[in-house]
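Asker: Sequence:
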Amino acid sequence: MARERNILIVVNPASGRSTYEDRLGSLKERLLQSGLKSADFYTELEGVGILSSFLNTNPKVNEIIVLGGDGTLNYVVNELLENQLPISIISNGTGNDSVKSLHGERSFEKQMEIAIHGRIEWFDLGLCNGRAFVNGLGIGFDGQVVEQMSKRNKKRGSHLDYLMTVLKTVAGFREKELSFSLDGKNFTRKILLMTVSNGTTFGGGFVINPYARSTDGLLDICVLNEISPLARFWHLPKLKTGSHDALKASEFYKARKVHIERSDDLVAHLDGEFIGNPPFEISILPQAIQVRC
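Remember, the numbering used here sits 1178 above the position in the sequence shown when you count from 1.
Rather than coming from a laboratory, the hints here were simulated on the basis of the structure. Be careful, since some hints might not be right.
[Unchecked claim] 20 Å max Cα-Cα, derived DMTMM-like pairs, lysine to aspartate or glutamate:
id, residue 1, residue 2
1, Lys-1368, Glu-1429
2, Lys-1368, Asp-1443
3, Lys-1363, Glu-1459
4, Lys-1278, Asp-1394
5, Lys-1368, Asp-1442
6, Lys-1426, Glu-1355
[Stated by the list, open to error] Simulated restraints, written as ranges between beta carbons of each label pair:
id, residue 1, residue 2, range
7, Gln-1326, Phe-1411, 12 to 20 Å
8, Gln-1326, Pro-1237, 37 to 45 Å
9, Leu-1210, Glu-1459, 39 to 47 Å
10, Gly-1213, Ser-1328, 38 to 46 Å
For glycine and all other residues, C-beta sits at the position ideal for the given N, C-alpha and C.
Between the sequences and the hints, there should be enough to build the whole structure, so can you do that?
Answerer: Below is the structure:
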């Protein structure tokens, strides 16, 4: 006999401010029509441990639906790190990149169908300095982009705003030296960016690691070395299609453990959230998250 599903919808009202109420209403109506019980939990990604404490005092909750963006999903995964429950994703953020490397479905209607009828599959998680990530870490010019976005009022953020910040940053960014190791093998590079990922796509559609698979037990690493400022604009569209693998400046690796040395000149993001300067210790957690697909 199948167990009764008791669903908690984790809602980030700061993510997709103009759409979350309508989407939440449609989702709850669809769940009721399907005979599924649900409750709401609101968070703005503040208060580490609040969600996990809520779940500890409400043990009947046995499934999560995340209504938000990549940052909301990252928050939920970390709150559940010791006791992962099956997760469904209703994308309502700016980038919504993490879902592209999980089941890949971005339609709101189809995501609701998956939340109700989808099968549960296991996926890998990454771990950076003790914090789990679904998608990945970016250091270099993309870390600087997220830093600049984080200094603004987040409520003004949009995909267009992000792209404009990318263009301004990539024009003026100067490559900086970074030392790192992949499974114990040492490297030093002067980088434009370095991405350590479990997923393929960042920044709302930049396919930085096109060969990444979130079920292979490996981290994927892309290093972009020095590219002249003018050539960057010529090659930037290749990052949208994942065709930058033909560039001489590109290097791709796979590893289980990555160590990035301290650098006061470079900053990073993790699943789109600004995390500051290295050092970083990064590893893979195979088969660590359950997602409805």
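Asker: Which of the listed hints are not met by the structure?
Answerer: none
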